[in-house]
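From just these sequences and the hints, can you work out the full model?
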Amino acid sequence: MSNSTFIYVTYIKTTPERLWSALTSKDFTRQYWLGAYCESDWKPGSPWKLAFDDGRIADAGEIVEADPPRRLVIKWRNEWSPELKAEGYSLCTFEIEAVPGADAEAVKLSVLHNIDRPQSAFIQAVSGGWPRILSNLKSLLETGTVVLPKKA
Amino acid sequence: MSKPEFTYVTYIETTPEKLWQALTDGDFTERYWFAHRAASDWNVGSNYQFTLDGEKRLEGKVLISDPPRKLAYSWNGCSEEVRRERTSRVTFDLEPRGKVVKLTMTHDDLDEAGVTFRGIAEGWPMVLASLKSFLENGQILDIPRPVRAHEAVRA
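Protein sequences appear in the order of chains C and W. Using this note's numbering, read the first sequence as starting at 1 and increasing by one per residue. Using this note's numbering, read the second sequence as starting at 1 and increasing by one per residue.
Treat the hints with care, as some may be off.
As the list claims (entries may be wrong) - Below, a list of computed lysine to any residue pairs in the SDA-like style, where the Cα atoms sit at most 25 Å apart:
no.: 1; chain 1: W; residue 1: 102; chain 2: C; residue 2: 121
no.: 2; chain 1: W; residue 1: 18; chain 2: C; residue 2: 133
no.: 3; chain 1: W; residue 1: 102; chain 2: C; residue 2: 124
no.: 4; chain 1: C; residue 1: 49; chain 2: C; residue 2: 38
no.: 5; chain 1: W; residue 1: 99; chain 2: C; residue 2: 144
no.: 6; chain 1: C; residue 1: 26; chain 2: C; residue 2: 80
no.: 7; chain 1: W; residue 1: 18; chain 2: W; residue 2: 91
no.: 8; chain 1: W; residue 1: 70; chain 2: C; residue 2: 9
no.: 9; chain 1: C; residue 1: 85; chain 2: C; residue 2: 40
no.: 10; chain 1: W; residue 1: 102; chain 2: C; residue 2: 141
Just so you know, the hints here were simulated from the structure itself, not pulled from any lab data.
Shown next as structure tokens:
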């Protein structure tokens, strides 16, 4: 097969609207993104960036699809590592579903990050990052505090 | 061809000792593991089982028991539809990282086209998300038990 994919699914005690806001609010992403934040106007075709707290660009791309509070697709390329940047654009898809049959609030979040090349070092890198970021996000939404410190 | 495996990593604000207890003590598993109760002395070579309402759903042998760092057991689902599938293996690695524990769950030796593989890929994220909430909030996630047996990691 000629592509590389990372998939992560988690369940969070929240609503689809709050989760959408947590993924798209610059100030909120700054709380759980381990020393970085996301910025965009989140409209299809608009630029998107992931920047370190000091303003340096980590990753950049554009919004491919935005269907709040259900589905978000970002065209995404690393910008700070020459090796990863050379791999070109990946596609990251977020799907948000209220869990059917749950009495209280529970949302299923699926993150699928894919690039059209085998054995991608970029996908290898995000495979380590997503579990940290999504663990932090889940804790922040459920308990009000993150569990992992910002990177030095 | 290597056999398929499923790996899931999560970071939980807890201690390795509490996480170990949550993985092995039936009073705890019953809370977050969709009412499944674990029972074993968790010594290497010992049998373990998970029961639901007193009925055995999952069984196997303890392969590695190094509290509170590493636990591995063989995995045999007890339902009719998975009974003939090969015995798979589950390994938990617990690594303290400051105030959190990095938990890595690896489920391998699975049948390629098996019901178990599809079931555990759905089930582990639910169980481990529920475990994280349980240890951090004292509350479990309100997710209904999946309708089909294999979909809740009870194979």
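### Message
Hint check: residue 26 of chain C vs residue 80 of chain C, CA-CA at most 25 Å. Holds or violated?
### Response
20 Å, holds
### Message
Can you confirm whether the C-alpha distance between residue 102 of chain W and residue 141 of chain C stays at or below 25 Å?
### Response
19 Å, holds
### Task
Would you mind confirming whether the straight-line C-alpha gap from residue 70 of chain W to residue 9 of chain C stays at or under 25 Å?
Distance of about 23 Å is within 25 Å: holds.
### Query
residue 49 of chain C and residue 38 of chain C: Cα distance at most 25 Å?
6 Å, holds
### Distance restraint between residue 18 of chain W and residue 133 of chain C, which requires alpha-carbon spacing of 25 Å or less
23 Å, holds
### Message
residue 102 of chain W and residue 121 of chain C were given as a pair; does the straight-line alpha-carbon distance stay at or below 25 Å?
### Response
22 Å, holds
### Query
Is residue 85 of chain C within 25 Å of residue 40 of chain C, Cα to Cα?
Since the Cα atoms of residue 85 of chain C and residue 40 of chain C sit roughly 20 Å apart, the hinted pair holds (cutoff 25 Å).
### 25 Å Cα cutoff - pair residue 102 of chain W, residue 124 of chain C
Given pair residue 102 of chain W, residue 124 of chain C holds - Cα atoms ~18 Å apart, limit 25 Å.
### Query
Between residue 99 of chain W and residue 144 of chain C, does the CA-CA distance stay at or below 25 Å?
16 Å, holds
### Message
Can you confirm whether the C-alpha distance between residue 18 of chain W and residue 91 of chain W stays at or below 25 Å?
### Response
17 Å, holds
The structure is consistent with each of the numbered hints, conforming to all of them.
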